[in-house]
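Going line by line, the protein sequences match chains B and U. Sequence positions in the first sequence follow the working numbering and run 1 to 427. Sequence positions in the second sequence follow the working numbering and run 1 to 453.
Under the rule of at most 30 Å between Cα atoms (straight-line distance), these lysine-lysine pairs were calculated in the DSBU-like manner:
#1 B/Lys313 to B/Lys253
#2 B/Lys328 to U/Lys312
#3 U/Lys290 to B/Lys135
#4 U/Lys311 to B/Lys328
#5 B/Lys313 to U/Lys116
#6 B/Lys313 to U/Lys232
#7 U/Lys312 to U/Lys232
#8 B/Lys239 to U/Lys232
#9 U/Lys312 to U/Lys290
#10 B/Lys328 to B/Lys239
#11 B/Lys328 to U/Lys232
#12 U/Lys116 to B/Lys253
The hints are simulated quantities; they were obtained by calculation from the structure and are not laboratory data.
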Amino acid sequence: MRVFQGVRVIDFTGELGPYAGRLYAGLGADVIHLEPIRGDPLRGRAPFFENIPGLERSLPFLYYNAGKRGLALDLGKERGREIFLALCSGADLLLESTAPGYLDSIGLGYARLRRLNPRLVHTAITPFGSWGPYKDRPGSDLVCSALSGFLFLAGVDDIEPVRACDDQSFRMAEVYAAVGSAAALFHARKTGLGQFVDVSCMEAAAMALENAPQAYDLEGTIRRGRGLEAGNGTIHPCKDGYIALVAVMGRSKPMWEAFLEWMKSEGVQGFELLDDERWLDADYRSSRHGRELFSRIFESYCRAHDKMYLYRKGQSFRVAVTPVCNGKDLLENPQLAYRGFWRTVWHESLNSAITFPGPPLRFGRLSWQVERPAPTLGQHTAEILQELGLSSEEVARLAAEGVIHVGTAAPGADTEKRRDLTRGGGP
Amino acid sequence: MTALCAATARILEGIRVCDFTWVGAGPIATSLLAQLGADVIKVESATRPDVLRLTGPFKGGRCEGLERSGYFASRNPNKRSIALNMSRPEARKVALDLIGSSDILIDNFRVGQMEKWGLGWGDVRPINPRLIYVTMNLQGSAGPHSGYMGFGVNLNALCGLTYRCGFPGQAPFGTGTHYTDHVMVPAHALFGIFAALIDREVTGEGQTVEISQLEAAICMKPSDAMAWAAHKEILGPLGLGDPQAAPHGVFVAEPGGTSGCREALASGRGRYPRWLAVAVFSDEQWAAFKRVMGNPAWAESETFAHLDGRKKNEAELNASIEAWTRGHGPDSQTPDAATAGEHGHGPQRDPSDRARELADRLASEGVSAGPVNDAQDVVCDEHLRVRRFWHVLEHPEMGPTLYNRGPIVFSETPLEMRSAAPLLGQHTREVLTGLLGYDDDEVDELTRRGVLV
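This is chain U alone, in the form it adopts within the complex:
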């Protein structure tokens, strides 16, 4: 196990979270709370397990039981888990006991689910007036579409991201992920939680914090709606470009399917092209870019001297640049395989990585450039390793597995990665006897009656 720093101050020391969230956005938010030192108690049940427990990737590729999903694990480190079957009437009392001793209650169910269990804001407020009650529903708790269903990819579409995330003239694509779940929704929920905590310091009272996932998402991509409202313009697909930069895109540095060892090809790595991303905004950066290319004759053309010309002739510009990134140009240099592979510790990179080599040369000249990293590249990335972004935590069933900390580095109160994701119900007895005052016989009895499962 690793910890960023032992025995330092924790921002949320003494704060308890009763965590009813599941799947994506909710667990990511409570994971951050746990890294900040909160005691996060995840309420789940084998009778209706978090669907991510049944969704891959799985340790060793095998889906057996509920404890082998890395998808689930990545969102749930540092938490405790109790098994509580909310379909049993006796479960409500256990839930209320836990809520009574919590500072924060959080769920991301459909509108009305908590009320159905008798755990709505009106139900729980009388027993705990200091409680901060966080809901993360899809489109708000009232209104014509408040009962609608959707996952991250649906929200990507609904909030306007997908429409612009495509190449002009082609079908829209999107981010390829349930993106809204990953940052847009959990980070706004966390901001709301801290605002409510700060307010509670002053007033002594809790309150509701409501995230409409749709609205939180739109707030991070305002341009399309603003342009329509301002002058009736529909902003179209963005492709890889930027209206104020050229070159701006990705360029093949190594074609897919030809490089890498057999093992790499089997995993998918090497099957895909290796691209170099480049963003040139100013003429000064363009001059530096040309320098790194060795000032080839084509680049000296007046056509490309200024942004206007580079934008107007972007297809031609990009084709010439890609000839260079692929190493076909007369002035291209082959990266030195011997020195590129000499990064000692940690997992090995490809011995020669032309995209990285070119990116390093461009960056050192002041041009924004970088390889289009896949997951292996990112996990093995030197910068993220130095910054201790990735952590390996020992899981009872999966063994050592990969996690990342939140993207915030505090100088005085570092985030902590203490323990791997919990087994389902791993802490049921510990929480009920240690925290809620149940005795072992009561726990046995509730287990026998199918409540604590």
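One chain only, chain B, in its complex shape:
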């Protein structure tokens, strides 16, 4: 069963925004990804399949837009805007990440859409929100992370902070946009009324400050990242990489004792020095002496073993230790394999299968499926316009006029056909 079967989502997102619509596609919604005639900018984002750039080769594009249908059109043209309005008239949800004010400026803003379709939920995903002093600032993942306070935490002392991968401030806004949209859809089902939902990267990333705002509010202190307290969230080198360890938190004696048991059973040199009440004191663990002593003892052991050994061994003593995984480790993770997490979908345009992450959550009755590869540029333009009632002649005419781009499932293999279409011949 698929809960969003019959739900129509219009997804006008680019580098920012696409993960929200993917969640709807996974649960069965008909998600139509709109993109400019020249292609979604996300198509230009690395990494690329086989490291060769190309419109159909961006791995992020292939992942975030999997399960969607694709329609390429030019909103700069009157007929393009009419198509947009027609799509929104019949939609339940519009997800878009255009600059604040842009849709209004071309007559496609929420006020207009609401008159056409009072049930529509219009969710805007932007760097700073659709209103407020920063709304027109140019956004980027790095700057949204910086302004939100998220970036500052990713470092210690006066060392410069480090960036999280995969544009996390975008992803955070997208997943919250999916939540806000679902809440508004739930409400619209009951009341018949849609609404405007405003989600920003800056606010979403400010959800990830842990306790830093409260440290400022209650204690007047400014904190940075974890990692300077021995055994509590520390990273240690091992034979083939690194591991992350939480052997103790606060004054938790049971946690520390489990860790001691592990060290003891492995006959770690100097483990008896860890068998001391002072290790329950966070101040001692944070002291230079504590940190150096801990690292000396623990790393003499962990450097001699590989990360999967340490993972299994430590966990058998109920110690929170995990490997620092890279992409290869993830694909080889036995738990993920057991769960059948990875999904592989054939991509005609690449003449290859692409493997990507599976469902982020599982239901008792609802099923998650993304069996459709991300659309090639304009792949479903003709199909969708014909569903709107346009004849194939009209579609061809619009293509010839540059209002739309009509693509195929495997562009490149099919350039002849595409040329025919743009000249005005029928499909």
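Assemble chain U onto chain B, guided by the hints.
Coordinates of chain U only, in the frame set by chain B:
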């Protein structure tokens, strides 16, 4: 107390949540449900309190009792709390009564804990077929590692974030936080809850929603696994860079340890450098960047004219830019301290803030730039204040304390910040007598027998 808007429609009006979650990811998810109008009843016990109640920061810096932690409070506004000692056999009936009148049951315990209490899906479904049963375990309920332990920093490592979150050639660092707990896990849980609620409108039946924290996290960072699967490439540490942008990084605008008043230094503020973050993707943005710098001669070099050259010579580029951000360059201008400090209301900013000044000038020219804000900067931020992101709520023991709403602004059904985090067991009697039909004598008796503690 503040509320975004009084007496408006609430999306989850009439929805009750029996909330067994604790620590990080679970309480953040149920906090959002409460802001959407759900009646969230937090089940806890002084016999095994939420560890965050014992984890700082504390009001006034003092850890006394269970009611002074801001870490705990920040995740639990708008909820009611009942004290229920699940190690007592009589507690199960109270729990079942509450579950029987709830729409959503949610926990983030280790696999098997709810079953041990006789509160597994199979146990509770017969008494409430409409119940949505949400579990948020670490790696799924079955499989070779399903019983493994871990906290956010462990999951950061396991899901692949930590490996890439570091500088090339150095040990990986990570986000410096239990990041997976903050957004990746709770937001996916919320999405699942709404999907199940919508499904229930149609079918009349509840169901299970299972979040594997590891899998939810991986879904928000697909590149490393995809690149390995596609062409056997291991994506390495990202540093501060972006393969398709330069300059892209942070630049010291004020060195640490030298600026700020004594009070600021004591708090840590002023001890750290103040950085400016800059992201330049296009040549057009680079031209604007140069304009703001005053088109210095070095920047006109052909080396830097296009992205390729800027990437190839990024270290040199960054050094020159940092000379400018630090104010050492010949064309640097000192921000006007008098005008920068004139933002009247709210907590005061530093009178001169070179990072902010430069960011404003760059942004007005179309370059993405911003100061690397610390918590004080973010709490005092003008944009977030205008958008009413931060709220001050009156707590019975802590007094007025800081909270933030969820990052969603609804035009018709605004999130509400009604009340501060509850005291442990603050609503035990109210919930048992008002909602579950117990009388006061029964409540007294259960309290005496150590059940409602």
